[in-house]
Amino acid sequence: MSMGVGHNLAKLEDLTSGAYLVRVNGAKVHWASARTPLSVENVLDRFESYCRESPSALGHALSDVPAALEGRIPIDKADPARAGVIRDATGARGMVACFVGEPGDRGDLPALSRRLDAFGRTGDLSQLGRFRYAFAERRTRDTRVVTVWTDGALDVARMFPASGDAPGTDPMFLPRPIRSRRTLSASLDGFPAGVWLYESEARGEELRADAERALGTSGFVPAAPWTSGARAFVRADGAEVLVSIRPTGDSRRRSVVSAVETVAAVRDIHVEIAR
574 MSMGVGHNLA KLEDLTSGAY LVRVNGAKVH WASARTPLSV ENVLDRFESY CRESPSALGH
634 ALSDVPAALE GRIPIDKADP ARAGVIRDAT GARGMVACFV GEPGDRGDLP ALSRRLDAFG
694 RTGDLSQLGR FRYAFAERRT RDTRVVTVWT DGALDVARMF PASGDAPGTD PMFLPRPIRS
754 RRTLSASLDG FPAGVWLYES EARGEELRAD AERALGTSGF VPAAPWTSGA RAFVRADGAE
814 VLVSIRPTGD SRRRSVVSAV ETVAAVRDIH VEIAR
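Here the sequence shown is numbered in our numbering, starting from 574 and rising by one per residue.
Some clues are possibly wrong.
EDC-like cross-link-like pairs, simulated, lysine to aspartate or glutamate; straight-line CA separation at most 20 angstroms [to be verified]:
id: 1; residue 1: Lys-584; residue 2: Glu-614
id: 2; residue 1: Lys-584; residue 2: Glu-621
id: 3; residue 1: Lys-601; residue 2: Asp-762
id: 4; residue 1: Lys-601; residue 2: Glu-675
id: 5; residue 1: Lys-601; residue 2: Asp-724
id: 6; residue 1: Lys-601; residue 2: Asp-743
id: 7; residue 1: Lys-584; residue 2: Glu-626
id: 8; residue 1: Lys-601; residue 2: Asp-728
id: 9; residue 1: Lys-584; residue 2: Glu-675
id: 10; residue 1: Lys-584; residue 2: Asp-618
id: 11; residue 1: Lys-601; residue 2: Asp-697
Hint data in this document are derived by calculation from the structure and do not stem from the laboratory. Predicted, not measured: the structure shown is a model, and the values here were computed from it.
Taking the hints into account, I'd like the entire structure generated from these sequences.
Listed below in C-alpha coordinates is the structure:
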(Lines of atoms letter the chains of each structure in order from A and count residues from 1; the text may use other names and numbers.)
(Lines give C-alpha, C1' and ligand atoms only; values in the text may rest on other atoms or scores of the structure.)
Protein backbone atom coordinates (compact mmCIF):
# COMPACT_ATOMS: atom_id res chain seq x y z
CA MET A 1 0.00 0.00 0.00
CA SER A 2 1.32 3.44 -0.89
CA MET A 3 1.36 5.86 2.02
CA GLY A 4 2.09 8.95 -0.06
CA VAL A 5 -0.74 11.08 -1.36
CA GLY A 6 1.01 12.62 -4.33
CA HIS A 7 1.78 16.16 -5.36
CA ASN A 8 -0.31 18.50 -3.12
CA LEU A 9 -3.00 15.85 -2.65
CA ALA A 10 -2.53 16.20 1.11
CA LYS A 11 -5.28 18.81 0.88
CA LEU A 12 -7.59 15.94 -0.08
CA GLU A 13 -6.15 13.43 2.36
CA ASP A 14 -9.58 12.45 3.71
CA LEU A 15 -10.42 11.18 0.21
CA THR A 16 -7.03 9.87 -0.94
CA SER A 17 -5.30 8.34 2.10
CA GLY A 18 -4.59 4.62 2.15
CA ALA A 19 -4.02 4.56 -1.60
CA TYR A 20 -2.75 1.50 -3.45
CA LEU A 21 0.12 1.67 -5.91
CA VAL A 22 -0.99 -0.16 -9.04
CA ARG A 23 1.50 -1.12 -11.74
CA VAL A 24 -0.12 -1.15 -15.17
CA ASN A 25 2.12 -2.13 -18.08
CA GLY A 26 5.14 -0.69 -16.33
CA ALA A 27 3.50 2.58 -15.27
CA LYS A 28 2.85 3.46 -11.63
CA VAL A 29 -0.73 4.54 -10.93
CA HIS A 30 -2.11 5.43 -7.50
CA TRP A 31 -5.67 4.29 -6.70
CA ALA A 32 -7.72 5.28 -3.64
CA SER A 33 -11.30 4.61 -2.56
CA ALA A 34 -13.14 6.46 0.20
CA ARG A 35 -16.62 7.18 1.53
CA THR A 36 -17.72 10.63 2.69
CA PRO A 37 -20.93 12.34 3.88
CA LEU A 38 -20.25 15.12 1.35
CA SER A 39 -22.52 15.41 -1.67
CA VAL A 40 -21.25 14.56 -5.15
CA GLU A 41 -21.23 18.27 -6.01
CA ASN A 42 -19.17 19.12 -2.92
CA VAL A 43 -16.64 16.39 -3.73
CA LEU A 44 -16.28 17.55 -7.33
CA ASP A 45 -15.98 21.17 -6.16
CA ARG A 46 -13.05 20.21 -3.93
CA PHE A 47 -11.23 18.39 -6.72
CA GLU A 48 -11.89 21.19 -9.20
CA SER A 49 -10.53 23.72 -6.70
CA TYR A 50 -7.42 21.59 -6.27
CA CYS A 51 -6.91 21.45 -10.06
CA ARG A 52 -7.35 25.21 -10.37
CA GLU A 53 -4.81 25.89 -7.62
CA SER A 54 -2.08 23.90 -9.42
CA PRO A 55 -2.80 24.42 -13.13
CA SER A 56 -0.78 22.75 -15.86
CA ALA A 57 0.82 24.78 -18.64
CA LEU A 58 -2.40 24.40 -20.64
CA GLY A 59 -4.50 25.57 -17.69
CA HIS A 60 -2.23 28.60 -17.25
CA ALA A 61 -2.43 29.48 -20.94
CA LEU A 62 -6.22 29.24 -21.08
CA SER A 63 -6.65 31.27 -17.90
CA ASP A 64 -4.22 34.04 -18.88
CA VAL A 65 -5.64 34.96 -22.29
CA PRO A 66 -4.96 38.65 -23.03
CA ALA A 67 -8.03 40.88 -22.75
CA ALA A 68 -7.78 41.75 -26.44
CA LEU A 69 -8.27 38.09 -27.37
CA GLU A 70 -10.88 37.21 -24.74
CA GLY A 71 -13.78 37.55 -27.19
CA ARG A 72 -12.25 34.92 -29.46
CA ILE A 73 -12.28 32.23 -26.77
CA PRO A 74 -15.62 30.35 -26.94
CA ILE A 75 -15.33 29.15 -23.33
CA ASP A 76 -16.55 31.29 -20.43
CA LYS A 77 -13.97 32.14 -17.77
CA ALA A 78 -16.06 30.38 -15.12
CA ASP A 79 -16.08 27.14 -17.12
CA PRO A 80 -13.72 24.52 -15.63
CA ALA A 81 -12.34 23.92 -19.13
CA ARG A 82 -10.73 27.39 -19.03
CA ALA A 83 -8.52 26.05 -16.25
CA GLY A 84 -7.73 22.85 -18.14
CA VAL A 85 -10.23 20.89 -16.04
CA ILE A 86 -12.72 18.36 -17.38
CA ARG A 87 -15.83 18.09 -15.20
CA ASP A 88 -18.98 16.13 -15.91
CA ALA A 89 -21.88 15.17 -13.65
CA THR A 90 -25.20 13.47 -14.27
CA GLY A 91 -27.66 12.81 -11.48
CA ALA A 92 -26.00 11.01 -8.59
CA ARG A 93 -22.53 10.65 -10.12
CA GLY A 94 -19.80 12.77 -11.63
CA MET A 95 -16.10 13.09 -12.40
CA VAL A 96 -13.26 15.60 -12.56
CA ALA A 97 -10.02 15.14 -14.50
CA CYS A 98 -7.04 17.41 -15.00
CA PHE A 99 -3.28 17.70 -15.30
CA VAL A 100 -1.61 19.68 -12.52
CA GLY A 101 1.68 21.50 -12.74
CA GLU A 102 4.64 21.87 -10.41
CA PRO A 103 5.17 24.93 -8.19
CA GLY A 104 7.00 27.54 -10.21
CA ASP A 105 5.94 26.16 -13.60
CA ARG A 106 5.68 28.86 -16.23
CA GLY A 107 2.29 29.21 -17.84
CA ASP A 108 3.09 31.31 -20.90
CA LEU A 109 2.53 30.18 -24.47
CA PRO A 110 6.22 29.33 -25.13
CA ALA A 111 6.17 27.01 -22.09
CA LEU A 112 2.99 25.36 -23.35
CA SER A 113 4.51 24.99 -26.81
CA ARG A 114 7.59 23.28 -25.37
CA ARG A 115 5.47 20.84 -23.38
CA LEU A 116 3.26 20.01 -26.36
CA ASP A 117 6.36 19.47 -28.48
CA ALA A 118 7.85 17.15 -25.84
CA PHE A 119 4.60 15.20 -25.65
CA GLY A 120 4.52 14.87 -29.44
CA ARG A 121 8.09 13.53 -29.47
CA THR A 122 7.82 11.16 -26.52
CA GLY A 123 4.13 10.24 -26.21
CA ASP A 124 4.56 10.75 -22.46
CA LEU A 125 1.42 12.36 -20.99
CA SER A 126 3.39 13.53 -17.95
CA GLN A 127 4.88 16.20 -20.23
CA LEU A 128 1.46 17.87 -19.96
CA GLY A 129 1.46 17.63 -16.16
CA ARG A 130 0.59 15.13 -13.45
CA PHE A 131 -2.68 13.35 -14.21
CA ARG A 132 -5.52 13.51 -11.67
CA TYR A 133 -8.95 11.85 -11.89
CA ALA A 134 -11.79 11.62 -9.36
CA PHE A 135 -15.11 9.81 -9.65
CA ALA A 136 -17.92 10.33 -7.11
CA GLU A 137 -21.20 8.46 -6.79
CA ARG A 138 -23.93 9.02 -4.23
CA ARG A 139 -25.08 5.95 -2.33
CA THR A 140 -27.95 5.63 0.16
CA ARG A 141 -26.08 7.04 3.16
CA ASP A 142 -22.86 8.48 1.76
CA THR A 143 -20.82 9.25 -1.35
CA ARG A 144 -18.25 6.84 -2.70
CA VAL A 145 -15.14 8.48 -4.16
CA VAL A 146 -12.50 6.82 -6.33
CA THR A 147 -9.34 8.78 -7.09
CA VAL A 148 -6.64 7.86 -9.61
CA TRP A 149 -3.41 9.80 -10.07
CA THR A 150 0.10 9.54 -11.44
CA ASP A 151 3.32 11.27 -10.37
CA GLY A 152 5.67 9.81 -12.97
CA ALA A 153 5.94 8.97 -16.64
CA LEU A 154 2.76 7.95 -18.45
CA ASP A 155 3.91 6.89 -21.90
CA VAL A 156 0.72 5.50 -23.43
CA ALA A 157 2.42 4.35 -26.65
CA ARG A 158 4.95 2.34 -24.63
CA MET A 159 2.27 0.98 -22.30
CA PHE A 160 0.10 -0.24 -25.17
CA PRO A 161 2.38 -1.01 -28.14
CA ALA A 162 0.88 -1.95 -31.50
CA SER A 163 3.10 -5.04 -31.61
CA GLY A 164 5.29 -6.99 -29.24
CA ASP A 165 4.88 -7.30 -25.49
CA ALA A 166 3.52 -4.57 -23.27
CA PRO A 167 5.91 -3.78 -20.40
CA GLY A 168 5.42 -5.75 -17.20
CA THR A 169 5.72 -9.29 -15.90
CA ASP A 170 4.18 -12.69 -16.62
CA PRO A 171 2.01 -14.68 -14.16
CA MET A 172 3.54 -16.53 -11.22
CA PHE A 173 1.74 -19.84 -11.81
CA LEU A 174 0.26 -19.92 -15.31
CA PRO A 175 3.00 -20.25 -17.95
CA ARG A 176 2.94 -17.76 -20.76
CA PRO A 177 0.33 -18.85 -23.35
CA ILE A 178 1.85 -20.37 -26.46
CA ARG A 179 2.46 -18.10 -29.47
CA SER A 180 1.26 -15.04 -27.61
CA ARG A 181 2.07 -11.43 -26.88
CA ARG A 182 1.30 -9.72 -23.58
CA THR A 183 -1.15 -6.80 -23.78
CA LEU A 184 -1.77 -6.18 -20.06
CA SER A 185 0.16 -6.73 -16.84
CA ALA A 186 -1.39 -5.23 -13.70
CA SER A 187 -0.61 -5.75 -10.03
CA LEU A 188 -0.93 -4.10 -6.61
CA ASP A 189 2.35 -3.30 -4.88
CA GLY A 190 2.71 -5.36 -1.74
CA PHE A 191 0.19 -8.02 -2.74
CA PRO A 192 1.12 -11.29 -4.50
CA ALA A 193 -1.70 -11.06 -7.02
CA GLY A 194 -2.17 -9.79 -10.54
CA VAL A 195 -4.12 -9.66 -13.79
CA TRP A 196 -2.71 -10.44 -17.24
CA LEU A 197 -4.01 -10.37 -20.81
CA TYR A 198 -2.51 -12.02 -23.90
CA GLU A 199 -3.30 -12.27 -27.58
CA SER A 200 -2.42 -15.72 -28.92
CA GLU A 201 -2.27 -17.21 -32.40
CA ALA A 202 -3.31 -20.58 -30.96
CA ARG A 203 -6.83 -22.03 -30.88
CA GLY A 204 -8.80 -22.18 -27.67
CA GLU A 205 -8.69 -25.97 -27.30
CA GLU A 206 -4.89 -25.95 -27.59
CA LEU A 207 -4.57 -23.19 -25.00
CA ARG A 208 -6.98 -24.87 -22.57
CA ALA A 209 -5.10 -28.16 -22.74
CA ASP A 210 -1.78 -26.39 -22.25
CA ALA A 211 -3.09 -24.44 -19.21
CA GLU A 212 -4.55 -27.57 -17.58
CA ARG A 213 -1.33 -29.51 -18.10
CA ALA A 214 0.94 -26.76 -16.76
CA LEU A 215 -1.20 -25.92 -13.73
CA GLY A 216 -1.66 -29.60 -12.92
CA THR A 217 2.10 -30.04 -12.86
CA SER A 218 2.27 -27.20 -10.30
CA GLY A 219 -0.29 -28.86 -8.02
CA PHE A 220 -3.44 -27.04 -9.12
CA VAL A 221 -6.76 -28.83 -9.59
CA PRO A 222 -9.87 -27.54 -11.39
CA ALA A 223 -12.50 -26.03 -9.10
CA ALA A 224 -15.25 -26.33 -11.73
CA PRO A 225 -15.74 -27.25 -15.41
CA TRP A 226 -14.95 -24.78 -18.18
CA THR A 227 -17.85 -22.31 -18.32
CA SER A 228 -18.11 -19.74 -21.12
CA GLY A 229 -14.40 -20.19 -21.78
CA ALA A 230 -13.34 -19.68 -18.15
CA ARG A 231 -12.16 -22.04 -15.42
CA ALA A 232 -10.85 -21.65 -11.87
CA PHE A 233 -7.98 -23.71 -10.46
CA VAL A 234 -7.01 -24.04 -6.78
CA ARG A 235 -4.08 -25.46 -4.87
CA ALA A 236 -3.84 -26.90 -1.37
CA ASP A 237 -1.89 -23.88 -0.09
CA GLY A 238 -4.75 -21.54 -1.04
CA ALA A 239 -3.36 -20.19 -4.30
CA GLU A 240 -5.99 -19.59 -6.98
CA VAL A 241 -5.84 -19.05 -10.74
CA LEU A 242 -8.74 -17.99 -12.94
CA VAL A 243 -8.13 -18.52 -16.65
CA SER A 244 -10.37 -17.22 -19.43
CA ILE A 245 -9.79 -18.16 -23.08
CA ARG A 246 -11.97 -16.76 -25.83
CA PRO A 247 -11.68 -16.41 -29.61
CA THR A 248 -11.01 -12.94 -30.95
CA GLY A 249 -13.82 -11.16 -32.71
CA ASP A 250 -12.24 -11.49 -36.16
CA SER A 251 -11.12 -15.13 -36.12
CA ARG A 252 -11.58 -18.37 -34.21
CA ARG A 253 -7.97 -19.19 -35.05
CA ARG A 254 -6.76 -16.50 -32.63
CA SER A 255 -7.54 -16.19 -28.93
CA VAL A 256 -7.52 -13.74 -26.06
CA VAL A 257 -6.25 -15.21 -22.79
CA SER A 258 -6.78 -13.58 -19.41
CA ALA A 259 -5.38 -14.77 -16.09
CA VAL A 260 -6.07 -13.66 -12.52
CA GLU A 261 -3.82 -15.07 -9.80
CA THR A 262 -3.96 -14.75 -6.02
CA VAL A 263 -2.36 -16.51 -3.09
CA ALA A 264 -3.87 -17.38 0.28
CA ALA A 265 -2.82 -14.12 1.93
CA VAL A 266 -5.00 -12.03 -0.38
CA ARG A 267 -7.96 -14.27 -1.08
CA ASP A 268 -10.25 -12.20 1.12
CA ILE A 269 -9.19 -8.77 -0.14
CA HIS A 270 -12.03 -7.08 -2.01
CA VAL A 271 -11.19 -4.13 -4.22
CA GLU A 272 -14.05 -2.14 -5.76
CA ILE A 273 -13.44 -0.47 -9.08
CA ALA A 274 -15.74 2.27 -10.34
CA ARG A 275 -16.65 2.21 -13.98
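Taking the hints in turn, this is what the structure says about them:
1. Pair hint Lys-584 plus Glu-614 holds up; C-alpha atoms about 17 angstroms apart against a cutoff of 20 angstroms.
2. A threshold of 20 angstroms between alpha carbons decides the hint, and for Lys-584 with Glu-621 the separation of about 12 angstroms falls inside it, so the pair holds.
3. Proximity of Lys-601 to Asp-762 is assessed by CA-CA distance (about 10 angstroms); at most 20 angstroms being required, the pair is judged to hold.
4. Proposed proximity of Lys-601 and Glu-675 is supported: the alpha carbons are some 19 angstroms apart, at most 20 angstroms.
5. Simply put, Lys-601 and Asp-724 have alpha-carbon atoms about 8 angstroms apart, close enough for the 20 angstroms limit, and the pair holds.
6. The hinted pair formed by Lys-601 and Asp-743 meets the criterion: a straight-line CA distance of about 17 angstroms does not exceed 20 angstroms.
7. Taken as a hint, the Lys-584 and Glu-626 pair is honoured in the structure, with Cα atoms around 11 angstroms apart against an allowance of 20 angstroms.
8. A threshold of 20 angstroms between alpha carbons decides the hint, and for Lys-601 with Asp-728 the separation of about 11 angstroms falls inside it, so the pair holds.
9. Proposed proximity of Lys-584 and Glu-675 is supported: the alpha carbons are some 15 angstroms apart, at most 20 angstroms.
10. Only pairs whose Cα atoms come within 20 angstroms are accepted, and Lys-584 paired with Asp-618 is accepted, the gap being roughly 13 angstroms.
11. As the CA atoms of Lys-601 and Asp-697 are separated by approximately 13 angstroms, the hinted pair is consistent with the 20 angstroms bound.
The structure fails none of the hints (numbered hints given earlier).
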